Structure formats: C-alpha cells, structure tokens
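So the sequences go chain by chain: A and B. One point on numbering: in this note's numbering, the residue at position 215 of the first sequence is 215, and numbering is uninterrupted. One point on numbering: in this note's numbering, the residue at position 115 of the second sequence is 115, and numbering is uninterrupted.
Calculated directly from the structure, the hints in this document are not laboratory data. Quick caveat, the model's predicted, so the values are computed rather than measured. Beta carbons are placed, not taken as given, at the ideal position from N, Cα and C, and that holds for glycine. Errors might be hidden in some of the hints.
[What the hints assert, rightly or not] Stretch-level coverage of chain B by chain A, calculated; a stretch enters the list once three of its residues show a Cβ under 8 Å from a Cβ in chain A:
1. 318-328
2. 506-515
3. 555-565
[As the list claims (entries may be wrong)] Straight-line Cα separation of at most 20 Å, DMTMM-like style, residue types lysine to aspartate or glutamate; simulated pairs:
4. B:534 - A:599
5. A:535 - B:568
6. A:461 - B:568
7. B:145 - B:84
8. B:152 - B:190
9. A:230 - A:273
10. B:327 - A:599
11. B:534 - A:568
12. A:461 - B:562
13. A:534 - B:190
[What the hints assert, rightly or not] Just a few of them, taken from the derived set where beta-carbon distance is under 7 Å, the chain B residues facing chain A:
14. 292
15. 293
16. 435
Listed below are the residues making up each chain.
Number of protein chains: 2
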Amino acid sequence: MKNIEFYHVKLNNGYWKLKQDLNTDVSMQSVWKRFCDTGRIGAFECSWKPGMENEPHFYWDSDVAKWIEGASYILKVSDNKILEDRIDNIVSLIEKNQWKDGYFNIYYTVTENERFTERNNHELYCAGHLIEAAVAYYEATGKDKFLNCMIKYADLIYKVFMVDKSAAFVTPGHEEIEMALVRLYKCIGDKKYLELAGFFIKNRANNDKDWYCAPNAKAYYCQDHIPPEKMDSAEGHAVRALYLYCGMIDYAVEAGDKELIDACNRLYNDITERKMYITGGVGSTFMGEAFTVPYHLPNESAYSETCASIALIMFTKRMQELGNSSKYADVIERAMYNGMMDGISLDGRCFFYENPLEINLKNHSINRSTTMEEHIPITERVEVFDCSCCPPNINRTLSAIQGLAYAYEDNTIVINQFMDSTLNIDNKCVSVKTKYPIDGKINITKENVEKIKVRIPSWCKNIRCDCEYTAKNGYMEITEDNVNIEFEMRPMFVKANPKIRSNRGCTAVQYGPIVYCIEGVDNGDIYALSLDTKKNITVEYSDEYSLNIINAKGRRQLPCADLYMSAENVQYEETDIKLIPYSCHANRGESDMLVWINEV
Amino acid sequence: MKNIEFYHVKLNNGYWKLKQDLNTDVSMQSVWKRFCDTGRIGAFECSWKPGMENEPHFYWDSDVAKWIEGASYILKVSDNKILEDRIDNIVSLIEKNQWKDGYFNIYYTVTENERFTERNNHELYCAGHLIEAAVAYYEATGKDKFLNCMIKYADLIYKVFMVDKSAAFVTPGHEEIEMALVRLYKCIGDKKYLELAGFFIKNRANNDKDWYCAPNAKAYYCQDHIPPEKMDSAEGHAVRALYLYCGMIDYAVEAGDKELIDACNRLYNDITERKMYITGGVGSTFMGEAFTVPYHLPNESAYSETCASIALIMFTKRMQELGNSSKYADVIERAMYNGMMDGISLDGRCFFYENPLEINLKNHSINRSTTMEEHIPITERVEVFDCSCCPPNINRTLSAIQGLAYAYEDNTIVINQFMDSTLNIDNKCVSVKTKYPIDGKINITKENVEKIKVRIPSWCKNIRCDCEYTAKNGYMEITEDNVNIEFEMRPMFVKANPKIRSNRGCTAVQYGPIVYCIEGVDNGDIYALSLDTKKNITVEYSDEYSLNIINAKGRRQLPCADLYMSAENVQYEETDIKLIPYSCHANRGESDMLVWINEV
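All chains should be modelled from the sequences, with the hints used to inform the complete structure.
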C-alpha cells in the first residue's frame with residue numbers, strides 16, 4: 001500500500017476542509033505573527049548580539065522551518081503570494097548568512113557556542129527540519145535556492161560526521177535529521193544522504209555516556225539504551241522516539257534493512273497496544289516528555305504532547321505502507337481527530353502543547369505547600385510557547401491533511417480516511433461525498449479505477465452498503481463505480497484495559513471516531529457525576545464545534561461533608577450530562593474536564 | 001475531658017497488649033541495634049572527626065531521644081535494667097559532652113557548623129525531642145541528671161533567642177520544641193519555658209524569606225505563610241505542621257490563648273474533613289512530605305508518613321481534651337489501627353516511612369525513561385532509614401498506647417479506645433474485657449466510679465447493651481457497674497467523598513475500625529478485580545494477623561490485548577476476593593496492593 005500525496009487530493013467540504021481553510025487563513029497567519037513578535041523570524045538576519053532582546057534559542061530554526069514546510073504545502077496546491085514572499089525573504093537571509101562551508105543555524109551563528117559540540121542543542125534537529133522545508137518548498141515551487149543551501153549544509157554534516165569525524169558526538173540528541181536525509185535522498189537521488197541517515201540511526205547507543213542529552217537524562221531518554229534494530233519497547237522522549245522510528249522506516253525501506261523494519265513493528269505494537277491514550281496521545285509523563293511503563297496512562301498529568309500525536313500519525317502512516325491491515329488507519333483516525341485537534345483552539349489562533357485527559361482546576365494551587373513543583377498542564381490554549389514546536393507542527397500537518405485519505409495498491413485505490421474530497425491521479429478519479437464524522441454515510445464514485453478498498457472503522461459494528469463487497473483485513477473491497485456505505489454510528493461506551501489503573505470504574509464515550517469529554521462549564525461539579533450507560537442518549541449537531549454533542553443521563557452524588565461514608569448513606573439525584581468532543585474542550589475559559597467518566 | 005496517662009492503665013490482653021509486648025521485646029531492641037550499627041548511639045561520644053565513618057546527621061539526636069522517650073514509658077510501668085542502663089550511659093555522655101554554656105547537639109559538636117545559624121538543620125527540633133526524653137525519663141525513674149542537662153540547654157536557648165537574640169533565625173525550621181517546652185514547664189513549673197514556647201509559636205511567619213527552610217521551599221512548607229492564630233488550612237510538611245499545632249494547643253491551654261485554640265479547631269477540621277486518607281494517613285505528597293489541596297489524596301504516591309499519622313494522633317488527643325465529641329477518638333482509632341500500624345511489620349522488626357494505599361509493582365521501573373525521577377514509595381518495610389524518625393516514633397507511641405484509652409470528666413470516666421485493660425486512678429477502677437477489634441463485644445465493670453461514657457464508634461450502626469444508657473455527643477452514658485455492650489461489626493463498604501477523584505468508582509472495605517486491602521499474592525492481577533458488594537461476604541480470624549480477614553466475591557475482567565474496547569465486549573469471570581487488614585500488607589514479600597477496589 002502506497003500513500004497518495006496530498007496534492008493529488010482536493011478537499012471539497014466537511015470537517016477537514018473547514019479545518020484546513022482555518023489553518024491557511026488564520027493559524028498560519030497567527031503563528032507567523034507570533035514568530036515575528038518573539039524574534040524568531042528576525043533571527044534569520046543573524047544580527048543578534050549579547051544584550052539585545054530576543055536572544056535566539058537553539059530550536060528556533062526548527063519552529064520556522066516547520067512553518068515554511070506548511071506554507072509550501074499550501075503553495076503546492078494554490079497560489080499565495082504572501083506566503084511565498086515570506087519564504088523567499090527567509091531563504092535570502094539563509095543564503096546570505098550561511099557559512100562558507102555550508103553551515104547554517106541562527107543560534108550558533110550569533111552565540112559563542114562551538115558548532116557540533118553540544119549534543120542536546122538540537123543542531124541536527126534544526127538541520128533536519130530546514131532540509132525538509134527546503135525539499136517541500138522546492139517541490140511546491142520549483143525554486144531551488146533553499147534546496148541548494150540545504151544540500152550544501154547536508155554535505156557539510158556528512159563531512160563532519162562521516163569523513164572528518166570532528167564532532168564531539170556521534171548522533172543527534174533530538175532525532176529528526178534521519179527522515180529529512182532520506183527525504184533529501186529521494187528528492188535529488190544522491191545516496192550519500194541515505195548513507196548519512198543510516199549512520200545516524202545505526203550509531204545510536206554508540207555515544208559516550210556523557211552525551212545522554214539533557215542534564216540527568218538517562219540513555220533511555222534519547223533512545224540511546226540499545227541499538228535501534230534491537231528495540232522492542234518505546235522509550236524516552238516521545239517525539240524524539242517517534243521521529244527516530246520514522247527515520248528508521250524511511251531508511252530501512254530504501255536500504256532494504258529488514259532488521260530495522262522488524263524493530264519498527266515491535267515498537268509500533270508496543271505503543272499502540274500498551275502506551276497510547278484513547279485520544280491517540282502518547283508520552284504520558286512530563287518528566288522527559290516521555291513514554292513510561294506499559295499501561296501507565298495518567299489522565300490529569302498526561303503529557304500527550306500535540307507533536308507526539310502528530311509524530312504518531314507520521315510513524316503510523318509509514319507503517320501503513322508496510323502492512324495491509326486497517327489498524328493503522330484506525331490509529332491515525334484516533335490521533336488526528338482527538339489528540340492532534342485538541343492541540344488547536346476552535347478559532348485557530350491558540351494551541352496546547354500538552355493534552356491531558358482531565359483538568360481538575362482546584363489542583364492548580366497544589367504547589368503552594370510543596371518544595372518541588374508538581375507539573376500540571378495549562379488549562380487554556382495560548383498563542384505561542386517559549387518552546388513552540390507544536391503550533392507549526394499543526395500548521396504543516398493540516399496543510400497536507402488530505403495526504404492521509406488515500407493510498408493505492410496494484411490496481412486498487414484504498415480509502416483510509418473519509419474526507420469529502422476528490423482524488424485525481426494518473427487519469428484515475430475517486431470522489432468521496434460524506435459528512436463524516438458527523439455521520440457515517442459515505443458516497444463513493446470512481447472512474448478508471450478497477451477496485452476500491454474502503455476501511456471499516458474499528459469502532460463500527462454495523463455496515464450498510466448498497467452493493468456487494470468482500471471484507472478483508474479490515475477493508476471492504478468494492479468494484480462498483482458508485483456505492484453508498486453507512487458505517488452505523490451510535491454512542492459507544494468504551495472501557496479501558498483493566499491494566500490501565502487510571503481509568504478504573506470509568507467509561508469513555510465515543511461517537512464514531514470522536515472521543516468525548518464532560519466540562520464543568522456544562523455540568524457543574526463533574527467529579528460527582530456518574531454516567532448511566534443504560535439510559536437514553538441523544539446526539540445533536542453543534543455549529544459551534546462542527547461536530548456532534550451528546551446528551552446523556554446519569555446521577556449526581558449529593559454534596560456531603562464527610563470524607564468517607566458507608567455506601568448505604570450515599571445520596572444521588574438524577575441528572576442530565578452533556579458531552580462535547582474532547583478536541584473542543586477549553587474553548588470557553590478554564591473548566592474542569594474529564595474524558596474518563598464515572599459509571600453508575 | 002482530661003486524658004488519663006498511660007501509667008494508670010494496664011493492658012491485660014488483646015491486640016494492643018500483643019503489639020505493646022512486641023514493641024518492648026522486639027522493636028525497641030531492633031531499633032536500638034540498628035541505631036548502634038549506624039553510629040547513632042556512638043555519636044553521643046562526640047568523638048567523630050572528618051574522615052571517620054558514620055558522620056553524624058543533624059537529626060540523629062532526635063532519633064535516639066524518641067527511643068529514650070519510649071524506653072522511659074516502659075520503665076515507668078516495669079523494671080527493665082537493660083533499657084535503664086542504656087539510657088544512663090547515653091545520659092552520662094550527654095552530661096560529659098554538653099558545652100559549658102548548656103548547648104548539646106551531637107552533630108554541631110563535632111562538625112564545623114556554627115550553632116544557631118542554619119534554620120533547617122533541625123537543631124531546635126533535636127533539642128525539643130531531647131527535652132521530652134529527659135522529662136519522660138525523670139518522670140519514669142526520678143533520676144534528674146538528664147533533666148538538669150536539658151534545663152541548662154533550654155535556658156541557653158531562652159538566652160540566645162529571647163535575651164541576646166543572637167541566632168540567625170527566629171523560629172525553628174522543624175517544629176517540635178514548642179510542645180517540649182510546655183512539657184518542661186509543666187514538669188518543673190518555670191514559666192520561662194512557656195514564654196519561650198509562645199515566642200517560637202507567635203513568631204512564625206516572622207522570619208526573613210531567606211529562612212524558608214529547605215532549598216526551594218516556600219513559606220507554606222514550614223508554616224511560615226501566616227501567623228499561627230490566623231491559620232485555617234493545614235499547609236506544608238505534615239509532621240512539622242502537626243507538631244506545631246500540638247505546640248499551639250499546649251501553649252494556648254496554659255496561656256489561655258483563645259485565638260490559637262480557634263485556629264487549631266479550624267486546622268483540625270481542615271485536616272480531618274478534607275485532607276486525610278481513610279487510613280488516618282496525612283500529608284499526601286512526597287514533595288515536601290506535605291499537605292496539598294483539599295481532597296487531593298492520591299493512593300499510589302501517597303506519602304502518608306508513619307510519623308504524620310502519629311502526629312495526627314498527638315494533635316487529636318489534645319483536641320479531644322478541648323471538645324466533648326467522640327469524633328476525636330474516631331480519628332485516633334482510624335489512625336492508630338491503620339496509618340500508624342502499617343508502619344511496622346508483623347514481626348516488629350521493620351518499618352515503613354511512607355504508607356501508600358496502592359502498590360503497582362510494574363510502575364517501579366517507570367523512571368528508566370525519564371529525566372527526572374518520579375518518586376514511588378518502597379514496597380517492603382526495612383529495619384532502618386537514613387532518616388529514621390518513624391521507627392522510634394512507633395516505639396514511643398506503642399510504649400504508651402494505653403494512654404489513648406481513657407479520659408475523665410468531672411465524676412465520669414470516659415472510654416475512648418477499647419482495649420482489654422484495667423484502669424486504676426485515685427481509688428477508682430474501670431475494667432474493660434474485649435477482643436476488640438476482632439469483634440465488638442465489650443464488658444465493662446467499674447468501682448467507685450459514678451458514671452462512665454463509652455464512645456460509640458462512628459462506623460457502628462447497631463448497638464446492643466444490657467442496660468439503659470443515654471447517647472450524647474457520640475458517647476453512651478452509663479451508670480451501671482457491670483455492662484455488656486456489643487457494637488455490631490459487619491463488613492462495611494465505604495465510599496469516598498466524590499471530590500476525592502483518586503477513589504472514584506471504588507469501594508473500600510472496613511470491618512469495625514480496620515481498613516482492608518487486597519494483595520496480589522492472594523488475588524493475582526488485582527487491577528482486573530471488581531468487588532461485588534451485593535454478594536455474600538464472610539469474616540474469619542487470622543492468627544497470622546491477630547485480626548480478621550475477609551472473603552468476598554466479585555468478578556475478574558478477563559485479560560484482553562486491546563487497550564480500549566466497547567463496553568459490550570468486555571468479559572468477566574466470577575471470582576473470590578480475599579482481603580487482609582491494610583496494616584498487615586507487605587508482610588509476604590513484594591506485592592501489588594489496593595485499598596480502594598473497583599466495584600461491580
């Protein structure tokens with residue numbers, strides 16, 4: 001199965017069209033503005049001097065590079081002079097300020113630090129994102145100035161690490177460059193970049209112990225605990241880990257490295273079967289923004305970084321090409337509608353970095369009594385973070401979101417995600433009309449396409465289809481040219497594996513792929529509520545959320561003064577419970593919030 | 001209501017007799033031996049020099065002082081030459097090594113540190129414990145050498161803090177000396193010690209910000225956020241806080257300070273109505289060993305220090321004298337049978353410092369992926385800790401445990417705790433025969449006592465009594481000389497206030513005052529279990545625990561590979577569930593453990 005690139009697909013309507021337009025019209029502008037305000041864009045002038053404001057940070061290149069990558073995807077499918085001018089200006093600055101030997105980094109150029117001496121300073125991570133942005137911009141516009149700068153930089157990195165071996169470390173502290181180098185190789189065909197990607201992958205766990213990245217970090221933190229081909233457990237910083245796994249697949253596919261692919265399969269199963277939130281969030285602890293032990297998925301302190309959900313989508317999209325099961329697209333669906341979209345406000349201007357599954361406002365004063373600070377995620381989205389990796393990561397993902405919808409396989413077009421859209425590729429056309437995920441009705445027409453495979457969402461128990469089909473590996477195989485399918489959507493009460501202690505006694509609610517939550521603003525004291533899964537539950541469309549909301553029934557434990565009481569003495573009253581999509585929470589001010597709700 | 005001192009009461013039989021004998025015969029010896037091995041006893045020689053092993057720590061005086069206090073209580077009611085010789089030897093060393101001006105501290109005497117310059121070095125805390133030990137030893141034996149040494153030391157402290165004002169700080173970082181000084185005042189009658197106690201209490205929150213005790217600690221941490229008379233929320237390090245509150249009552253009662261007593265009432269309600277575990281544990285976070293926000297009572301990471309349960313008993317015992325409600329004795333009962341007794345192993349040799357309400361063994365490898373260390377309590381009791389405050393605190397509490405049983409009030413003897421025992425005081429005699437808490441049957445005989453008041457335990461719903469009684473403020477008032485009472489014990493399913501999020505959907509089980517738990521060693525995967533509170537449940541006596549165990553029914557969720565599943569697809573099997581007393585857990589090796597159990 002080969003994913004079909006976003007630019008062959010046009011979104012016509014519906015949820016993702018709305019979100020993509022919002023991204024183009026609002027979020028891209030909003031992030032740009034905040035990047036200007038914080039000095040990130042100006043930093044490409046490389047004129048900062050000690051004492052001036054807005055001292056560049058060592059990850060700023062990557063923030064802007066991701067924005068450029070997103071803008072490039074927009075330019076690939078439509079003209080946008082503003083975006084193109086902005087990029088061209090930055091590229092001019094890159095060309096102007098690139099070192100003679102090819103080096104480019106806005107932080108190292110203006111500070112006293114020595115190049116390639118500090119493994120944790122994201123130098124190669126920034127290089128990777130710049131390379132990806134350059135390839136994307138070249139592929140969008142045909143302009144090669146940026147690409148040529150980055151080829152020169154990549155050549156320098158090759159020389160430093162593989163020829164001179166003059167760097168103080170062997171592999172990057174924050175992975176990313178691995179997949180960027182494979183992308184560069186696939187763009188221009190020079191095998192040395194593939195070789196360099198392989199070097200960075202194969203030499204993990206080969207660094208001195210002194211180079212475990214962050215202070216006090218352990219080998220696990222930056223995937224230095226064992227060689228990648230031996231890995232079977234997702235460990236450490238979740239985004240670093242997933243970016244590495246992406247690079248491992250990219251490299252392995254090109255280099256034919258079966259050991260690495262086997263490792264990726266093991267890692268993928270470890271994540272999706274043991275370490276993933278119902279939202280598709282991953283990386284459950286803020287301590288190192290890391291994966292922890294299997295089934296340790298706390299809700300209130302969930303880190304579940306927006307970037308990690310995006311990275312899981314990236315990893316899964318790659319895995320999807322190697323397998324033939326619908327399970328990959330199921331995970332992508334889970335992550336994109338929930339974990340990722342929680343990362344951006346309804347107005348498109350503000351972002352979450354962390355995406356906890358519970359907010360208990362009263363606990364936010366917890367640190368006043370303590371010596372150490374307990375970390376509690378913020379409760380409202382903000383326009384920019386000091387470490388602002390997530391906003392432009394959403395930008396670039398939404399700019400090309402339709403690239404997740406289709407794939408091909410021999411003479412077959414595979415529909416993995418249901419977006420109201422038209423696919424045109426090599427004289428083949430597939431058109432999907434749907435309000436999904438508002439309802440499960442999907443009309444599919446095809447031209448010059450022998451067969452289509454339509455994913456059966458894992459949440460779906462009843463399929464209505466007006467033609468014959470064969471079900472295989474979670475896909476419906478259909479030869480008809482015009483077909484109407486309905487994946488019956490009903491509110492589904494979800495139980496967690498009992499090993500996930502944090503969800504005990506609770507139920508989550510899904511409608512189609514959408515995970516729901518309750519907020520205090522709708523329901524008062526949400527901790528006193530229990531959902532009655534046997535009572536009538538109704539679903540209605542909400543203009544505010546462009547998704548459905550759910551009205552359920554349950555009971556509320558009456559307030560009591562005692563800390564503990566005999567079960568016989570507990571009193572309840574019947575109550576309505578309003579659920580909204582998890583991704584839409586925190587759009588009406590601070591509020592308590594729960595995904596996993598007590599059950600009657 | 002005035003508590004009756006332990007030495008008027010003789011334990012004859014039953015749970016507390018067993019535990020007190022074990023303390024005298026085993027625990028006191030075991031702690032002594034470990035204190036010898038670790039250099040704590042030898043340190044009173046004050047001959048340590050840099051480069052030698054066993055460098056004294058600044059809290060070592062207090063560890064040994066608490067052991068002496070416990071040994072003194074034993075000596076008060078029985079001869080014990082070994083204990084007395086040990087104390088006399090230490091006292092000789094104290095006398096020998098006391099500074100000319102009265103100063104005594106084994107750490108400051110042998111290290112380079114300047115006296116009274118470092119607020120967080122427990123100097124006054126050690127002085128307080130030494131003073132308490134000296135008073136206890138004097139009251140037990142009539143020997144006054146130790147007492148005289150400590151009077152001299154107290155006089156020096158008075159001079160340094162109240163006359164010369166030469167210390168670098170105004171009040172101790174770790175409270176304790178306040179109640180010790182009142183005790184010294186009550187022993188020898190010199191008001192200056194009461195005055196000094198008042199000084200240390202009234203000047204809290206009067207220190208420079210630089211003196212917030214531990215590095216990075218905040219004012220709240222050591223009760224420096226507001227003056228004590230204004231306090232209404234228990235804050236910071238739980239043991240420090242509770243020792244302060246004890247000192248506040250002791251001082252306020254003697255000095256007639258109503259404002260401080262009102263503050264203690266507010267603080268007491270805050271703790272017992274909002275911040276206490278079902279076990280009577282308090283201080284829910286390891287970060288600063290502190291109280292946190294109301295209803296924040298996590299189970300797995302519960303700090304719930306043994307010393308804090310003991311300190312809660314001490315505070316409550318004082319509050320009991322000021323009120324007329326049985327609620328105080330209820331809290332003492334909760335804390336002594338559960339939170340405190342969890343702190344010591346069944347064989348009397350090993351101790352817990354922290355007493356979590358959940359153990360999830362798999363989470364103990366959680367830190368391998370992370371940068372910071374997540375703190376998880378240990379899973380088996382140990383013989384000694386580096387910071388070994390808890391073991392001798394249990395020693396001194398068990399040595400005088402019968403001091404919690406009785407009080408008097410005008411012409412009435414009050415029975416607060418049910419221990420098989422005889423009270424003899426001023427020609428009055430009360431005798432209690434009972435197997436409590438194995439069952440609720442209590443026979444009480446009295447001589448020369450007009451009236452008795454018998455606490456009605458808050459967990460009790462049915463009382464059988466063979467004579468007339470009046471119920472008032474949670475007590476039965478009885479004039480008969482021989483009465484048989486039965487507080488009907490039935491397994492009770494306990495629900496937590498819904499504001500305690502960590503207990504949602506769960507039930508705890510109590511039988512009488514005993515809180516139960518399930519262990520993996522009995523029940524396999526305890527996370528898959530749900531207790532069926534509607535099914536038959538049986539209770540049987542266990543010789544191993546000297547308490548009952550409980551056999552209940554429930555269901556086990558069958559293992560499944562999926563992380564999340566539709567509720568309809570969850571499968572269960574019926575199963576037996578064995579519960580043991582919480583205080584007896586972790587006596588058979590490492591095991592998963594839960595107090596709050598999923599409910600069917």
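Each hint tested on the structure:
1. 318-328: violated (count 0)
2. 506-515: Holds: 3 residues of the stretch 506-515 of chain B have a Cβ under 8 Å from chain A.
3. 555-565: Check passed, 7 qualifying residues.
4. B:534 - A:599: holds, 17 Å
5. A:535 - B:568: holds, 15 Å
6. A:461 - B:568: Holds. Residue 461 (chain A) to residue 568 (chain B) sits at ~11 Å (cutoff 20 Å).
7. B:145 - B:84: Since the Cα atoms of residue 145 (chain B) and residue 84 (chain B) sit roughly 13 Å apart, the hinted pair holds (cutoff 20 Å).
8. B:152 - B:190: holds, 13 Å
9. A:230 - A:273: holds, 19 Å
10. B:327 - A:599: Distance of about 32 Å is beyond 20 Å: violated.
11. B:534 - A:568: With a Cα-Cα distance of about 12 Å, the restraint between residue 534 (chain B) and residue 568 (chain A) holds, given a limit of 20 Å.
12. A:461 - B:562: Roughly 16 Å separates the two Cα atoms, so the pair holds.
13. A:534 - B:190: Violated - the C-alpha atoms of residue 190 (chain B) and residue 534 (chain A) are around 71 Å apart, more than 20 Å.
14. 292: Because about 5 Å separates residue 292 (chain B) from the closest Cβ in chain A, which is inside the 7 Å limit, the hint holds.
15. 293: holds, 5 Å
16. 435: With Cβ-Cβ at 23 Å, over 7 Å, it is violated.
Consistency note: the structure conflicts with the earlier hints numbered 1, 10, 13 and 16.
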